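In order, the protein sequence lines correspond to chains H and U. Residues are numbered in the working numbering as their position in the first sequence, beginning at 1, plus a constant of 2. Residues are numbered in the working numbering as their position in the second sequence, beginning at 1, plus a constant of 1004.
Incorrect hints may appear among the rest.
Stated by the list, open to error - Lysine-lysine pairs mimicking DSBU-like chemistry, simulated, CA-CA at most 30 Å apart:
| # | chain 1 | residue 1 | chain 2 | residue 2 |
| --- | --- | --- | --- | --- |
| 1 | H | Lys301 | U | Lys1148 |
| 2 | U | Lys1148 | H | Lys126 |
| 3 | H | Lys203 | U | Lys1148 |
| 4 | H | Lys203 | H | Lys11 |
| 5 | H | Lys126 | H | Lys203 |
| 6 | H | Lys32 | H | Lys203 |
Stated by the list, open to error - Some chain H residues judged to face chain U by a derived CB distance under 8 Å, without partners named:
| # | residue |
| --- | --- |
| 7 | Ala131 |
| 8 | Ile133 |
| 9 | Pro164 |
| 10 | Pro304 |
| 11 | Val341 |
What the hints assert, rightly or not - Some chain H residues well away from chain U (every beta-carbon gap over 12 Å; in silico):
| # | residue |
| --- | --- |
| 12 | Leu23 |
| 13 | Pro99 |
| 14 | Phe142 |
| 15 | Phe185 |
No lab work stands behind these hints, which were simulated from the structure alone. None of these values were measured; they are calculated from a predicted model. Glycine included, every Cβ here is placed at the ideal spot set by N, Cα and C.
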Amino acid sequence: MNWLRSLLKDNWGWFVVVALLAVLPAWLNKFELGLLIQVFVLAVFALSYDLLMGYSGILSFGHALFFGLGAYTVALLLRGVNNTRVFGLTLNIAPLPLPVVLVVVMVIGAAIGAFLQVVSLRVKGVYFAMITLAFAEMTFILSASTELRPLTGGDEGLHGIPIPDAISPTTERTTFYFLALGFMILMYILARRLVNSPTGKVLAAIRENEARAAAIGYNVFVYKLVILMISGMLAALCGALYIMYFRSATPDLLGVGRTIDALLMTIIGGIGTLAGPMLGAAVQRLASHTLADLPAFEKSWPLLLGIGYILLVLFFPYGIVGTWRMRRSQVIRQVRRLVGR
Amino acid sequence: MPIEELLARIINITLQGLTMGMLFFLIAAGLSLIFGLMDVLNFAHGSLFMVGAYVALTTFWLLGGYPLSAIPAQQLGVLGFNTAPVLVADTNLRFLSAVIVGTMTGLLVGTLVERGLIRPLYKRPIFQILLTLGLVYVIAEVVKLIWGPAPLGMAKPALLTGTVDILGRAFPIYNIFIILLGCVVMVVVYAILRRTRIGIIIRAGVEDREMVQALGINVQRVFTGVFALGAGLAALGGAAAVPFLGGMAPEYGMAFQLSAFVVVVIGGMGSFPGAFVGALLVGLARAFADYQLSPIIAQGIVVGMMALVLLVRPQGLLGRKKEGGH
Chain H
3 MNWLRSLLKD NWGWFVVVAL LAVLPAWLNK FELGLLIQVF VLAVFALSYD LLMGYSGILS
63 FGHALFFGLG AYTVALLLRG VNNTRVFGLT LNIAPLPLPV VLVVVMVIGA AIGAFLQVVS
123 LRVKGVYFAM ITLAFAEMTF ILSASTELRP LTGGDEGLHG IPIPDAISPT TERTTFYFLA
183 LGFMILMYIL ARRLVNSPTG KVLAAIRENE ARAAAIGYNV FVYKLVILMI SGMLAALCGA
243 LYIMYFRSAT PDLLGVGRTI DALLMTIIGG IGTLAGPMLG AAVQRLASHT LADLPAFEKS
303 WPLLLGIGYI LLVLFFPYGI VGTWRMRRSQ VIRQVRRLVG R
Chain U
1005 MPIEELLARI INITLQGLTM GMLFFLIAAG LSLIFGLMDV LNFAHGSLFM VGAYVALTTF
1065 WLLGGYPLSA IPAQQLGVLG FNTAPVLVAD TNLRFLSAVI VGTMTGLLVG TLVERGLIRP
1125 LYKRPIFQIL LTLGLVYVIA EVVKLIWGPA PLGMAKPALL TGTVDILGRA FPIYNIFIIL
1185 LGCVVMVVVY AILRRTRIGI IIRAGVEDRE MVQALGINVQ RVFTGVFALG AGLAALGGAA
1245 AVPFLGGMAP EYGMAFQLSA FVVVVIGGMG SFPGAFVGAL LVGLARAFAD YQLSPIIAQG
1305 IVVGMMALVL LVRPQGLLGR KKEGGH
């Protein structure tokens, strides 16, 4: 029972949060539940980004690629493709059951991660950011192109994706809520396990000094490959869940705005803190929701979001959790002085 | 197909590709120099191209007496519709001032961005590019707020309207103007880099920044200058591109940014001649693939070219490997 006690002692905060989220549906209406579902999914998206940027020092500007392709995969495979002609080829894919589709999504996410790492085998740093952005934008352009319109619906996208009734976000929203919550908890545990594993330590070493990690004898390429595949898989799954909730896939899922979202959530919460980006996702999504509806901000909300992002980069680079961890002792001392102890 | 016709067609497509290539060059030149000198990869360079274009086309129509809300969407004939009171009738003059104002705005925005946003972050290089990525988003939104999401056009000046006959095929004079403009910029900037003191400092800075600093040169000022110059060139490209492209829309910034990335990767980061060669290669590849296949496939081919260069020769065709740290 000792391990249980230490588990409770180290993670009591998490248990409180999870317990709260588990009982919350009793008080929330359908719309608020929907908002929280989005927060959960985006939290994992931010988490997958943090695994790359925060823990492995890999700067990807193409994270939307995983998200969007995961989304489009779900849309296409759940609907099936019927006698569609693209580039002179006739495509026919029967609709697949959801579990199979999710496996395909994971495979695709991992495969893209591997592809990006292989292509950028001989470069790193900003080059990698540039290459990932190039491929993401290329896919974005493709998804909206007239050539692929029969398949992707062009710039209008695909709508009315059939979701099994048992987890339908419209009729069974509470079920979907717990599904998303479970997904988030599971992915967080996995991610934390990963960063604390020997592999995670090697990745941190690569982040700090790649040449030295290679000199010690670690195969830097393989480690980066692994983390890119895992992160890609997570992000693609997020895209899949996101689209199962919204039931339509549009090209903006692949756009650079989606990558900026991931960056924003990560920076708000704190780079390299895991919990931070998830908190950032909640802050970003809930703030967007409450502020974007105000008439004063209606039109200029995306602009304000962008300016907010720039201000964060300039003045608050460590985010909420990062700054808290750095200043914790200072804050506690201040509070004690105020209380008079 | 008779051989003359084939030849004429090839020449026509080549010229079309060179025109595109020159526009890519105007963006990529600054991108490459800025990265080479100060290790800042400016993701917002395409946005500066777009800013130049929008400011230029607005100047063009405002001088023509049109209010901001009545800027025509599509490329029109020389005189457009003459419902507005014409302030400056001469389209040549209007065009020239439009290009100059657009370029100046690029220089100004470049200076402000370097001074105000990039400079505080030299100690945190990752955040610099995070910031420029944010700028892409902000600039696109600002453009949408001011000019709206639909494309806006600009007429060609009277002097550059019409076509010339090349082996029996008509070719727009305006495209030839862009090709010449690109060549002039290439020669002038190359001469500055090779023949002047400031050029020597810039080239030395690309090689080894710390050493230049150690020799007592104010690198900060050179940084601002190069950043502004690069932004100005991109804005010039944008201003000149509008009549050629038929219009400018908020998405074009990112599209041209993408091409510029491909160009600098192929040509070699930090290499000015590399940017030129890379831009022409990409322009030609685009033009021929456009003609034979489709625009989307053309873009795909170009990104594929980049991937290939990265695998085979990651420093680019004309780039040199940086020795030592970084």
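For each hint, the structure was consulted:
{"no.": "1", "hint": "H:Lys301 <-> U:Lys1148", "in the structure": "10 Å, holds"}
{"no.": "2", "hint": "U:Lys1148 <-> H:Lys126", "in the structure": "34 Å, violated"}
{"no.": "3", "hint": "H:Lys203 <-> U:Lys1148", "in the structure": "45 Å, violated"}
{"no.": "4", "hint": "H:Lys203 <-> H:Lys11", "in the structure": "24 Å, holds"}
{"no.": "5", "hint": "H:Lys126 <-> H:Lys203", "in the structure": "20 Å, holds"}
{"no.": "6", "hint": "H:Lys32 <-> H:Lys203", "in the structure": "42 Å, violated"}
{"no.": "7", "hint": "Ala131", "in the structure": "6 Å, holds"}
{"no.": "8", "hint": "Ile133", "in the structure": "7 Å, holds"}
{"no.": "9", "hint": "Pro164", "in the structure": "29 Å, violated"}
{"no.": "10", "hint": "Pro304", "in the structure": "5 Å, holds"}
{"no.": "11", "hint": "Val341", "in the structure": "36 Å, violated"}
{"no.": "12", "hint": "Leu23", "in the structure": "30 Å, holds"}
{"no.": "13", "hint": "Pro99", "in the structure": "32 Å, holds"}
{"no.": "14", "hint": "Phe142", "in the structure": "9 Å, violated"}
{"no.": "15", "hint": "Phe185", "in the structure": "28 Å, holds"}
Taken one by one, the earlier hints fail for this structure at numbers 2, 3, 6, 9, 11, 14, listed in ascending order.
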